[in-house]
Amino acid sequence: MEASRLERLFKHGATIALVALIAFGAIRYDNFLSLYNVMSVCRTNAMFALVSLGMCFVIMTGGIDLSVGAVAALASVAAAKASPLGMAGGLAAGVAVGFAAGIVNALLVTRARLLPFITTLVTMLAANGCALLLAGNQSVAVSYTSGFTGIGQADLGIFPVPALIVVALYALGSLILHRTSAGRSVLATGGGEEASRLMGLRPDATKFAVYAASGALAGLAGVLLAAGSGAGQPTEGVGWELFAIASVVIGGTLLTGGAGSVLATLAGVLLMGTLFTVLNFENGLGVISLSAYWQSVIRGLMLLAVVVLQATGMQRRHRHAT
Amino acid sequence: MTKASSTLAPTGGRTRGGLARCSRYGALAAFGVLLALNIALTPYFLSLQTLNINLTQVCTIIIVAVGMNLVIATGGIDLSVGSLMAISGVLAPMIFLGQVVPVGNTALAVAVAVAVAIVAAIGVAGLLGLFNGWLVSRFGIQPIVATLILFIAGRGIAQVLVDGNLQTFSVPQFAWIGQGALLGIPTQAFVMAAIVAAALWAMRRTRFGRYVLAVGGNERAALMTALPVRRIKLAVYAISGLCAGVAGLVVIAINSASDANQIGLGTELDAIAAVAVGGSSLGGGQAHLLGTVLGALTIQLIRYTLLANGVPDAAALVVKAGVIALAVWLQQAQRRT
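These protein sequence lines are chains A and B, in that order. Under our numbering, the first residue of the first sequence is numbered 19, with each subsequent residue one higher. Under our numbering, the first residue of the second sequence is numbered 1469, with each subsequent residue one higher.
Everything labelled a hint here was simulated from the structure, so no lab data went into it. What you are looking at is a predicted structure, and each value in this text was computed from that prediction instead of being measured. Fair warning: there could be bad hints in the mix.
What the hints assert, rightly or not - For each label pair, taking beta carbons as the anchor points, the in silico distance ranges come out as: (1) A:T274 / B:P1696: 54 to 62 Å; (2) A:V326 / B:Q1641: 38 to 46 Å; (3) B:G1734 / A:A35: 33 to 41 Å; (4) A:A38 / B:W1669: 49 to 57 Å; (5) A:S199 / B:R1672: 48 to 56 Å; (6) A:A38 / B:V1568: 22 to 30 Å; (7) B:R1675 / A:L319: 35 to 43 Å; (8) B:Q1730 / A:S307: 55 to 63 Å; (9) A:A172 / B:Q1647: 51 to 59 Å; (10) B:L1775 / A:S52: 51 to 59 Å; (11) B:A1662 / A:Y162: 56 to 64 Å; (12) A:S307 / B:P1696: 40 to 48 Å.
Note that beta-carbon positions come from the ideal geometry of N, C-alpha and C, so glycine has one too.
With the sequences and hints as input, model every part of the structure.
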């Protein structure tokens, strides 16, 4: 089982790197492991974790979803508009909008048979336009009196609510992937669509489900964005897809589909999130000075490093196999 | 394999040529409908000024789409073109405004600086394109992912270079590229025509063109016939980068301003749509360059129609997204029947 050894290596790779980075931070900075810092890292990365979860499933079927960032931005505007109705109203509006966008992706991929990247590039553009239209080209303040912001800012005990949502959904995702037939058919679809069809599975239904789920999760991420930052932000979300893809790949999920792990994706998200926190601390120490524009450059470098590593790993395995 | 003509996919049967023509007529029909619609609806549509505006604006799409068409012909895709335009468009003013090396005040010094800036900006974009090609050919990374890196990070690099600030300039020696005219025809139209002609020649008359189609038609077969598949891929991504670099310069020359956040935003979709509307299969193996030019004209006309009829920018984005999805779908549907 060469393949599973490689996957295991990647899974452990993410975790090992995460532990090393945390150790580095703990030694170098005061307050790095303080409760406040740890919880704020969890809170701010919750929305990235959600889009990464959706992305993980989409990539496992061999597809890709480039629209997550723009959909999250659109959902954040919708949630902000609905926020006077309270937490349930804002949540429902944001998730529903995201889900609707996901359905559009799903229909275009499974019915119109457009390539996933073209489909989701198009919906990225459309969601961007819809967000600007709905928001009237500016950010939309949320209602602070209706209790909506609780979903992004409140704590249960010591744990931030967004982090708890993430833990619950990742547990659910992991359960679905490893313990249900739906999860197996996700991997089978990515492993070989024709073969999975011949096995009596329905790859189109599976693909429909993953794009719809990815949209809904991006919608939920948008709700957290609006509640956490206090505003629906139509121009947010740039580079989120890169963060998500990088996290998924760091977690050992193959970009060609057919293999992957939900929990390792979470390790990937935490690794990316911790890296940015370390950079922030370095900024604070005055060692380096990075503007916000560096974020997308660093995300790109991370993805670059990971895909090159994964590709060389694959090539080496290929050479051993033959 | 070397017998494959540019209108026939190397693996295609007899019907392919006919379908490709049909697809090209589809683009022509769409273009005609749009023209008729505009003549009926848009005030002052049939004026020289309208023609000039559209010609100045369509050039960037065509230039980028030519490079994109070569990449797509090898079975790849280049999402990074918009960001490479931004890098080239940010880099050139930095050089000729003297932020990298001080530039003297004399006309000659400025002219030299402009020349250096043009070469350097296009060169950097070409090198970044080469980098895309290296990721694809050396590591076998899927083109979508390989070029996605610069799609996002490239714009970040452009923003970092100028800290997100707008650069404005009044340098006639440079603005000439986007605002000047020869015989009443905008300068960039000549640049565009030269690039299209060079690409047409390369695809129809040279071995390189045949190899490009062979790689996209059947990569395994191309490898087995000992074609330099890796070098071909490196070359098409580098060419796409160079084209994006040129287009970035045209955009900033038109505006006499360079905004890292805006240059080339969404151009990758315009270019992909132009190729698809023009009748080249997104699966590779085909390069209908003249179709792509027609596709770009169609995309530009859609953009102009929305703008001239007062549709807000944000709504125009949504409409454009719908039209592109429809165009790609129609193109694929024709291929299947």
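Hint numbers contradicted by this structure: Numbers 1, 6 and 8 - these are the hints that the structure violates, sorted from lowest upward.
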